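J.: Guided by the hints, dock chain B onto chain A, whose structure is given.
Taken in sequence, the protein lines are chains A and B.
Quick note, the first sequence lines up with residues 1 to 119 if you use my numbering.
Quick note, the second sequence lines up with residues 1 to 110 if you use my numbering.
Treat the hints with caution; some may be incorrect.
Said to hold, decoys possible - Calculated cross-link-like contacts (lysine-lysine; reagent style DSBU-like; alpha-carbon spacing at most 35 Å):
hint, chain 1, residue 1, chain 2, residue 2
1, A, 43, B, 106
2, A, 65, A, 43
3, B, 46, A, 43
To be verified - Simulated restraints, written as ranges between beta carbons of each label pair:
hint, chain 1, residue 1, chain 2, residue 2, range
4, B, 41, A, 101, 24 to 30 Å
5, A, 54, B, 68, 34 to 40 Å
6, B, 68, A, 57, 32 to 38 Å
7, B, 61, A, 15, 45 to 51 Å
These are calculated hints, taken from the structure and not from any lab test.
All values derive from a computational prediction rather than experimental measurement.
By construction, the Cβ of each residue, glycine as well, lies at the ideal position given by its N, Cα and C atoms.
Here is how the chains run, residue by residue.
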Amino acid sequence: QVRLVESGGGVVQTGSSLRLSCDASGLMFNAYAMHWVRRPPGKGLQWVAVIWYDGSHQYYADSVKGRFTISRDNSNSVLYLDMNTLRPEDTAVYFCARDRGNSHYFDHWGRGTLVTVAS
Amino acid sequence: QSVLVQTPSASGTPGQSVNISCSGSSANIGSQTVNWYQQVPGMAPKLLIFGDDHRPSGVPDRFSGSKSGTSASLAISGLRSDDEAEYYCAVWDDSLNGPLFGGGTKVTVL
Numbered sequence: 001q002v003r004l005v006e007s008g009g010g011v012v013q014t015g016s017s018l019r020l021s022c023d024a025s026g027l028m029f030n031a032y033a034m035h036w037v038r039r040p041p042g043k044g045l046q047w048v049a050v051i052w053y054d055g056s057h058q059y060y061a062d063s064v065k066g067r068f069t070i071s072r073d074n075s076n077s078v079l080y081l082d083m084n085t086l087r088p089e090d091t092a093v094y095f096c097a098r099d100r101g102n103s104h105y106f107d108h109w110g111r112g113t114l115v116t117v118a119s
Numbered sequence: 001q002s003v004l005v006q007t008p009s010a011s012g013t014p015g016q017s018v019n020i021s022c023s024g025s026s027a028n029i030g031s032q033t034v035n036w037y038q039q040v041p042g043m044a045p046k047l048l049i050f051g052d053d054h055r056p057s058g059v060p061d062r063f064s065g066s067k068s069g070t071s072a073s074l075a076i077s078g079l080r081s082d083d084e085a086e087y088y089c090a091v092w093d094d095s096l097n098g099p100l101f102g103g104g105t106k107v108t109v110l
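Next up, chain A with everything else stripped away, as it sits in the complex (with noise of 0.2 Å):
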């Protein structure tokens, strides 16, 4: 059974740091590439970053870049998001997601873990 398990989140203020993890169990974690999307409060879903299935490559969407680092532990099957000088619009609902390969869709995804940046 393919499982996704997010963690890490939490209320911080405004300039802070955090690091989120995913826990992978039950997929070829190593095979897939894998991304962060985010929920924010009374909004809909926004894509993140992606690592390519060996950490090759990272890509972030715009208003996290520079800010945001995506890394993998094949070895261990976790993803992680490391997300430093954290904003107040950066609070939401953040899931890890497996992407399927060629055809670019999430077939698996986590419940999330809430982050809260306070000002």
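T.: This is chain B only, laid out in the frame that chain A set:
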């Protein structure tokens, strides 16, 4: 405002059908396949349709997807109370190396 435009809300009574539209352009829907996700608050988002009109195993055939030109649609037939959720269309953006999501459509079962 998202590049992919969805009507903010839709509703129906149990057993009815609901159609959700997603409007884009030749740069996105017109040149990429469309995927649809269902998101119930507090739950993991769920893939409903991939590649315009393909259902993953386990998704009931009450859900169907279609695309014509620069618009796509998700149809839900035989509406059930547990279909109450937010629905998002998405297409891959090669320049972004990530997906574009529609703004979402909240479906209410009356």
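J.: The structure should be examined with respect to each hint, and the outcome stated for every one.
T.: Against the structure, the hints come out as follows:
With a CA separation close to 11 Å, the supplied pair residue 43 of chain A and residue 106 of chain B stays within the 35 Å bound. In summary, the hint linking residue 65 of chain A to residue 43 of chain A is supported, as the alpha carbons are separated by about 20 Å, within the 35 Å threshold. Simply put, residue 46 of chain B and residue 43 of chain A have alpha-carbon atoms about 17 Å apart, close enough for the 35 Å limit, and the pair holds. Hint check: residue 41 of chain B to residue 101 of chain A, Cβ distance near 29 Å, so the stated range 24 to 30 Å holds.
For the hinted restraint 34 to 40 Å between residue 54 of chain A and residue 68 of chain B, the CB-CB distance of approximately 38 Å keeps it satisfied. Taking 32 to 38 Å as the suggested C-beta distance range, the pair residue 68 of chain B and residue 57 of chain A conforms, at roughly 34 Å. One distance hint, 45 to 51 Å for the beta-carbon pair residue 61 of chain B and residue 15 of chain A, holds here, with the actual separation near 50 Å.
Violated hints for the displayed structure: none, as all numbered hints are satisfied.
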